[in-house]
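If you read the sequences in order, they're chains U and L. Taking the numbering used here, I'd label the letters of the first sequence as residues 1 to 68. Taking the numbering used here, I'd label the letters of the second sequence as residues 1 to 398.
Treat each hint with caution, since some may be false.
Unchecked claim - For lysine to any residue, the following SDA-like pairs were computed, each having C-alpha atoms within a straight-line distance of at most 25 Å:
| id | chain 1 | residue 1 | chain 2 | residue 2 |
| --- | --- | --- | --- | --- |
| 1 | U | K3 | L | T208 |
| 2 | L | K215 | U | M59 |
| 3 | L | K215 | U | G26 |
| 4 | L | K196 | U | Y14 |
| 5 | L | K305 | U | T31 |
| 6 | L | K305 | U | E25 |
| 7 | L | K305 | U | L18 |
| 8 | L | K375 | L | L258 |
| 9 | U | K3 | L | L202 |
| 10 | L | K305 | U | E11 |
| 11 | U | K3 | U | L22 |
| 12 | L | K240 | U | D53 |
| 13 | L | K121 | L | V95 |
| 14 | L | K317 | L | E297 |
| 15 | L | K215 | U | I54 |
| 16 | L | K196 | U | I54 |
| 17 | L | K305 | L | A322 |
| 18 | L | K305 | U | Q33 |
| 19 | L | K317 | L | T370 |
| 20 | L | K247 | L | E344 |
| 21 | L | K28 | L | Q165 |
| 22 | L | K305 | U | D53 |
| 23 | U | K3 | L | K215 |
| 24 | L | K196 | U | P12 |
| 25 | L | K121 | L | M145 |
Since the hints were derived computationally from the structure, they do not count as laboratory data.
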Amino acid sequence: MPKRILIVDDEPRYLRLLEANLRTEGYEVATAQDGVQAIDIFSSQPIDLILLDIMMPRMDGFSTCQRI
Amino acid sequence: MSDSQLDPRTLAYIQTLFQSATMTDDWKSGLDKLLIALRTEFVFDNVAIYEVDPTALSLEVVYARAVGRGKAAEADAAWGESLANLVLARESVIVQDPVEGATERISQAYLLGLPLYSGSKVTGVMVFIRFGGPIYKDTQMSLAMVAGGWASALLNRKAHEETHQKLDALRQKVQLQDDFLATISHELRTPLGFIKGYSTTLLRSDTTWDTEDSKEFLTIIDEEADRLAQLIDNILESAKLQSHSVKLSVQPLRLDALIRDVIIRVRTRHPNLEVELQLEKVPPIQGDNVRLTQVFENLFSNAIKYAPGSKITVVTKVENNALLVTFSDHGPGIPKAYLPYIFERFYRVPGNRTNTGSGLGLYICNQIITAHRGKIWVESELDQGSTFYIQLPIDPTL
Chain U
1 MPKRILIVDD EPRYLRLLEA NLRTEGYEVA TAQDGVQAID IFSSQPIDLI
51 LLDIMMPRMD GFSTCQRI
Chain L
1 MSDSQLDPRT LAYIQTLFQS ATMTDDWKSG LDKLLIALRT EFVFDNVAIY
51 EVDPTALSLE VVYARAVGRG KAAEADAAWG ESLANLVLAR ESVIVQDPVE
101 GATERISQAY LLGLPLYSGS KVTGVMVFIR FGGPIYKDTQ MSLAMVAGGW
151 ASALLNRKAH EETHQKLDAL RQKVQLQDDF LATISHELRT PLGFIKGYST
201 TLLRSDTTWD TEDSKEFLTI IDEEADRLAQ LIDNILESAK LQSHSVKLSV
251 QPLRLDALIR DVIIRVRTRH PNLEVELQLE KVPPIQGDNV RLTQVFENLF
301 SNAIKYAPGS KITVVTKVEN NALLVTFSDH GPGIPKAYLP YIFERFYRVP
351 GNRTNTGSGL GLYICNQIIT AHRGKIWVES ELDQGSTFYI QLPIDPTL
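Chain U extracted, bound-state conformation (with noise of 0.2 Å):
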């Protein structure tokens, strides 16, 4: 089974740029561009790890991890 990664960026181009070279390590990866989007895929699947921004619309990177 490979290992899961949840990218959490409100930035399009990161979340397309990390994605793309995580893939290639052979890495799953789900992405969200906000915290709420990220605890919705967080709490429906199995995540290994979660690259979280800080600076995001509807909920920031601080709050985000808190519920989690």
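Given the coordinates of chain U, work out where chain L should sit on it, guided by the hints.
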């Protein structure tokens, strides 16, 4: 030790003068109160205070009051000017009696001029006038000199207040420049980061990318390089506009044709952009082709950025003897609270972090339209869209 020989009533009066001059919020009301208190023991009709303008080395009136006879003279403090200049030149108290042979009471002016000091330097002059006398007695001269001392202190306070204001303005300017640097370095770093990140990714020797991925990455690099170039242009532009060195090169032009040209250029980058044109045949105006093109390119680029996928409607017409262009999108609109600020330098509507910008575009637009003696403003309704209005004067000679 024996008790003071000073008369208690005199002391109480001097204390009143002192309190009037010092216990006030600003120099002007300090002078008001000082002179009212002075007048109970020292009669005068008019008083004027002149200050040395250090740059021009000339005197200018900073305070004038007519309290007694000859109230009409209040606005015009020219009556004391020649004496004030004399006091300044001699750096001493001067009494000037009426011109001999003057019969009219108003020309029987008894003048008293006192130098005002900051340290040992004469920085101003206070002039009193009495129409028809009486002459200034020695004790009254002493009293006037006491008042002059406090007037000097108030002038110093004025200088202090002015310095404070200038300092505040400067501080604000420095703050704005700091904000500018912080914003700009962040904004420059973002596109540069993408260019670096995606090219490094493409150049990885341990992996290969299929054609689709490669094309996607190269497109991002291309777009981010454009964005960087535009950002640098905007920064230079705004610096130029800020130092007022922008010169319009004005010529007769047709705005409807200019807008059509802009649309052709915008469409090469955004082929799917939907634009509805209602270009009434409008009279030519005097305008700078390059600058006005810049304004409309900016409006298009904003609409594409902040109202993606929305149709844009451009209307030109003549209204109130001026040319009016309306530029509307059907995007998310701008919250009312932010509308008053959107033409300010470096201002960016909060909450748009996914969209990039320097907060310079609309500032530049406003500067350019204002230089054309025109007006630009915006109306916006949430979830309905935004409309920018540009009004430009029509030249009747064209």
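Hints and how they fare:
1. Between the alpha carbons of K3 (chain U) and T208 (chain L) the distance comes to roughly 22 Å, so the proposed pair stays at or under 25 Å and holds.
2. Pair hint K215 (chain L) plus M59 (chain U) does not hold up; C-alpha atoms about 33 Å apart against a cutoff of 25 Å.
3. For the given pair, K215 (chain L) sits about 22 Å from G26 (chain U) by alpha-carbon distance, which is consistent with the 25 Å threshold.
4. Between K196 (chain L) and Y14 (chain U), the direct Cα distance comes to roughly 12 Å. Compliance with the 25 Å bound is thereby established for this hinted pair.
5. The suggested pairing of K305 (chain L) with T31 (chain U) holds, with an alpha-carbon distance near 23 Å, which does not exceed 25 Å.
6. Restraint check: the Cα-Cα separation between K305 (chain L) and E25 (chain U) comes to about 34 Å, which exceeds 25 Å; the hinted pair is violated.
7. With a C-alpha separation of about 24 Å, the suggested pairing of K305 (chain L) with L18 (chain U) holds against the 25 Å cut-off.
8. Distance check on the hinted pair: K375 (chain L) and L258 (chain L) sit about 18 Å apart at the alpha-carbon level, within 25 Å; holds.
9. Using a Cα cut-off of 25 Å, the hinted pair K3 (chain U) and L202 (chain L) holds, with the two alpha carbons roughly 24 Å apart.
10. Among the hinted pairs, K305 (chain L) with E11 (chain U) is consistent with the structure: their alpha-carbon atoms are about 14 Å apart, no more than 25 Å.
11. For a cut-off of 25 Å, the pair hint linking K3 (chain U) to L22 (chain U) stands: about 11 Å separates their Cα positions.
12. A distance of roughly 36 Å separates the Cα atoms of K240 (chain L) and D53 (chain U); the hinted pair therefore is violated under the 25 Å criterion.
13. For the given pair, K121 (chain L) sits about 21 Å from V95 (chain L) by alpha-carbon distance, which is consistent with the 25 Å threshold.
14. Restraint check for K317 (chain L) and E297 (chain L): satisfied, since their Cα atoms lie roughly 20 Å apart, inside the 25 Å limit.
15. With a C-alpha separation of about 30 Å, the suggested pair K215 (chain L) and I54 (chain U) falls outside the 25 Å cut-off, and the hint is violated.
16. Between K196 (chain L) and I54 (chain U), the direct Cα distance comes to roughly 22 Å. Compliance with the 25 Å bound is thereby established for this hinted pair.
17. A distance of roughly 30 Å separates the Cα atoms of K305 (chain L) and A322 (chain L); the hinted pair therefore is violated under the 25 Å criterion.
18. Between K305 (chain L) and Q33 (chain U), the direct Cα distance comes to roughly 18 Å. Compliance with the 25 Å bound is thereby established for this hinted pair.
19. With a CA separation close to 19 Å, the supplied pair K317 (chain L) and T370 (chain L) stays within the 25 Å bound.
20. With a C-alpha separation of about 21 Å, the suggested pair K247 (chain L) and E344 (chain L) falls inside the 25 Å cut-off, and the hint holds.
21. With a C-alpha separation of about 16 Å, the suggested pairing of K28 (chain L) with Q165 (chain L) holds against the 25 Å cut-off.
22. For the hint linking K305 (chain L) to D53 (chain U), the alpha-carbon distance of about 23 Å falls within 25 Å, and the restraint holds.
23. The straight-line distance between the Cα atoms of K3 (chain U) and K215 (chain L) is roughly 28 Å, outside the 25 Å bound, and the hint therefore fails.
24. Restraint check for K196 (chain L) and P12 (chain U): satisfied, since their Cα atoms lie roughly 16 Å apart, inside the 25 Å limit.
25. Simply put, K121 (chain L) and M145 (chain L) have alpha-carbon atoms about 16 Å apart, close enough for the 25 Å limit, and the pair holds.
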